[in-house]
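Taking full-length UniProt numbering, the leading residue of the sequence shown gets 1, the next gets one more, and so forth.
These aren't lab readings, by the way, just hints derived from the structure by calculation. One or more hints might be untrue.
Cβ-Cβ distance ranges computed for the label pairs, FRET-style [as the list claims (entries may be wrong)]:
(1) R9 / F29: 31 to 41 Å
(2) T88 / L16: 49 to 59 Å
(3) S125 / G97: 26 to 36 Å
(4) L41 / G120: 19 to 29 Å
(5) F29 / T134: 45 to 55 Å
Every residue, glycine too, gets a C-beta built ideally from N, C-alpha and C.
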Amino acid sequence: MRSLRDDERGSAAAELVLLTPGLIMMLLFIVFCGRMADATLRLEDAAHQAARAASLARNVTNARNDAHATASAALANAGITCRSLAVTVNTAGFQPGATVSVEVTCTAGLSDLALLGMPGSIQLSASFSSPVDTYRGVAANAGGT
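Using the sequences provided together with the hints, build the complete structure.
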């Protein structure tokens, strides 16, 4: 008479072979979620830095240029590579006491997670507003004495 144990030989190996693809997919999904959370936090930080830089500028043109340069530098320093980067600066009423709003939109590639069947890229966006300093100096040609 054969024992029940003899009939189950190799079943653990078969189960492992069947479960491995699912475990790998779950691991890749966890990596994807972690990367998206990290990229979102770094994008929010870049928007914060860009809004602050824009609020310190002396005029609207410099505010827009400073915001774009600061957002690009912050993302580069954070190791975030964007396929396309858009920095939108709202400087309506740009005067001391007003606010400057900046929205940073980054299209990030997902090609290294192709096993999950993820799309080629994902668009992330963050915005922040910063007050224009009430007691800041003004540019020399701003009409003062």
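Q. Between F29 and T134, is the Cβ distance one that fits in 45 to 55 Å?
A. 48 Å, holds
(Q) Given a hint of 26 to 36 Å, does the C-beta separation of S125 and G97 actually sit inside it? (A) 27 Å, holds
Q) For the pair L41 and G120, does the Cβ-Cβ distance stay inside 19 to 29 Å? A) 23 Å, holds
Q) Are T88 and L16 spaced within 49 to 59 Å by their CB atoms? A) Between T88 and L16, where Cβ atoms are some 51 Å apart, the hint holds.
Q) Would you say the C-beta atoms of R9 and F29 sit inside 31 to 41 Å of each other? A) The hint (31 to 41 Å, Cβ to Cβ) holds, given that R9 and F29 are roughly 33 Å apart.
Going through the hint list in order, the structure satisfies each hint without exception.
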